[in-house]
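A.B. asks: One-letter residues, chain by chain:
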Amino acid sequence: MKIDIQKVSKSFGLFPALDDVDVTIPSGELVALLGPSGSGKTTLLRVIAGLEVPERGRVFFGDLDVTQSAVRGRNIGFVFQHYALFPHMTVAQNIGFGLRVRKYKKKDIAKRTDELIELMQLHGLGNRLPAELSGGQRQRVALARALAPNPAVLLLDEPFGALDARVRQDLRRWLRRLHDQIHVTTVFVTHDQEEAFEVADRVAILNDGRIEQVGSPDEIFDDPANAFVMDFIGGANVLQGHLESGAWRFNDLVLPHHKDFGATGSATAYIRNKDIRLSCAPNGSPFFHATVTDARRVGLVVHATIHPQGSAEPLFAEIPHDDWSSSGFKVGSPVVASVKRAQIFQ
Amino acid sequence: MDSVAHVAQMSRPGKRRRQNPLPGFGLSMGYTLTYLGLLVLVPLSTIVFKTFSMEWSAFWATISAPRALAAYGLSFFGALAAAAINCVFGTVVAWVLVRYRFFGKRLVDALVDLPFAVPTAVAGIALTAVWGPQGPLGEPLARVGIQVAYARWGILIAMVFVGLPFVVRTVQPVLETMEAEVEEAAATLGASRATTFCFVIVPHLAPALFTGFALSFARALGEYGSIVFISGNMPLRTEITPLLIMTKLEQFDYAGATALAAVMLVASFSVLFVVNSLQWRKGRAAKSPRTQRANRRAS
Chain A
1 MKIDIQKVSK SFGLFPALDD VDVTIPSGEL VALLGPSGSG KTTLLRVIAG LEVPERGRVF
61 FGDLDVTQSA VRGRNIGFVF QHYALFPHMT VAQNIGFGLR VRKYKKKDIA KRTDELIELM
121 QLHGLGNRLP AELSGGQRQR VALARALAPN PAVLLLDEPF GALDARVRQD LRRWLRRLHD
181 QIHVTTVFVT HDQEEAFEVA DRVAILNDGR IEQVGSPDEI FDDPANAFVM DFIGGANVLQ
241 GHLESGAWRF NDLVLPHHKD FGATGSATAY IRNKDIRLSC APNGSPFFHA TVTDARRVGL
301 VVHATIHPQG SAEPLFAEIP HDDWSSSGFK VGSPVVASVK RAQIFQ
Chain B
1001 MDSVAHVAQM SRPGKRRRQN PLPGFGLSMG YTLTYLGLLV LVPLSTIVFK TFSMEWSAFW
1061 ATISAPRALA AYGLSFFGAL AAAAINCVFG TVVAWVLVRY RFFGKRLVDA LVDLPFAVPT
1121 AVAGIALTAV WGPQGPLGEP LARVGIQVAY ARWGILIAMV FVGLPFVVRT VQPVLETMEA
1181 EVEEAAATLG ASRATTFCFV IVPHLAPALF TGFALSFARA LGEYGSIVFI SGNMPLRTEI
1241 TPLLIMTKLE QFDYAGATAL AAVMLVASFS VLFVVNSLQW RKGRAAKSPR TQRANRRAS
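Line by line, the protein sequences are chains A and B. The first sequence begins at 1 in our numbering and counts up one residue at a time. The second sequence begins at 1001 in our numbering and counts up one residue at a time.
Misleading hints may appear alongside valid ones.
Sample of chain B residues at the chain A side, in silico, Cβ under 8 Å [as the list claims (entries may be wrong)]:
1) Val1182
2) Ala1185
3) Thr1188
4) Leu1189
5) Gly1190
6) Ala1194
7) Val1200
8) His1204
9) Glu1250
Keep in mind the hints are simulated off the structure, nothing from the lab. We put the CB at the ideal spot given by N, CA and C, even for glycine.
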């Protein structure tokens, strides 16, 4: 089921949690809502679920306007950050709850519950109480409970937030595989970009209640829409330069750009650590002269700190270890640093 | 993670002798037993000993007299009914106090405790004034043929009055700690408010409700001061057991009074014991040995 969010706004008191949000979630996709805390991602998820009513704007499931319809009529599955399992019910009763309130026959409930216990790899835990499970198991029960009534839309709020690193990693991959099996339209909220990019087909980046960019992980990495997205993804050098005759300049570094900026003025260039190459002579890419001031090997790459000539601010470069050792550079070597790619925002 | 399991095993060296991480069990348990013994057990046991001074036939005649039987029935069924009523309406009051924000909430919250604080005789006089034949509530009811004061309804009202705070104050904290997310989860799964209440909230409140019921029942059973004003105290009709005991004491029939007291004691202990074991069974599930095993496996 496609989800269409049109011009949705919602505030809590004076705090605007969502500000004129437009986003479409295509049917069958797995979409991550990514953003820093307080960016409105959970509020957006709760608006989709019907747990919050937006002050303005509409929410469509397919062609149906569900803005005013109650949570229980929306046929969604929702997984809460802290699971929210019913503490007095066994695992099987928890999973079957959605079917029980829909007045399914006992036999059918048992069949579907068994199916999900199988799918979620919860064998032998059907008679346990939630208190008797580990965090990862509880999370899978919460997911099974949400999936049992065959929801049109699956919504997950920071689903792996409360788990430790290894369990997170496993569950993440497992969620991806599960989605490839059942293809239910899924939206999940996270503040962890690694999680978002690893799991999702598309990522929507939120900031201050607004959508900054929606796109595939490739689109977001290769073509970030604005400075916030670039900053948020991180791992880049930030250089303040100025615009002059169709190019961005910083000392001897000149980066051509194709954007429609004003003719002059200051602008910021983001250069990823990986996009800086060190060599003895220019190789055709934009470049600047610098001195290596530090180099540390971290696994298969070398983290080099370089000081551009005529600037006090150091830059960071990540060089594959093989390239570094064959180049023969050491701390103190003068180098030509070429820039493979940069993003410029005014 | 293996190391966690390892440490867990190390901390339990033998099966027979478990090290209790909390010291001072012997001292505090000794204190508890002495304290409860002096304050509860010794005074109450004198009732039993005093009763032994009677002949068996006299004892039987006293406790099975029609007037006594009527008094037990009134006391027990009245207290049970009052506790049940308090469970329903006390839960509503607790719900309103926890879930909503409104003007004067603190005042309402304080009002709940008033039946604790008011001397029972004052409560009795006040209730009689309100529900009596000339009272603002009793008068219109009397016109449609319902007599409250000096009848069984009055006793029930007094019992409900004194027991109310118990249910509110036991249910309130449980409601406060209940995650709103659990209710939201029920809604996302398609449950209506009523379904959520019956299948999610009430089972969660059950242990607290049992406790509230037991306390409210016990309070109503032992209540004397307020009821004697409103009940009219007619033998066989509106005479509660504590009053009958009082009557016997006034006639210097100490043995007879203790015989009735012994019956009350046994009966109320049985009811409290049953309610407590029901509650214990409910609460046990969450911290059964199985739970601890599962947690160990999980780590």
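A.B. asks: If you check each hint against the structure, which ones fail?
C.D. replies: Hints 6 and 9 not satisfied by this model.
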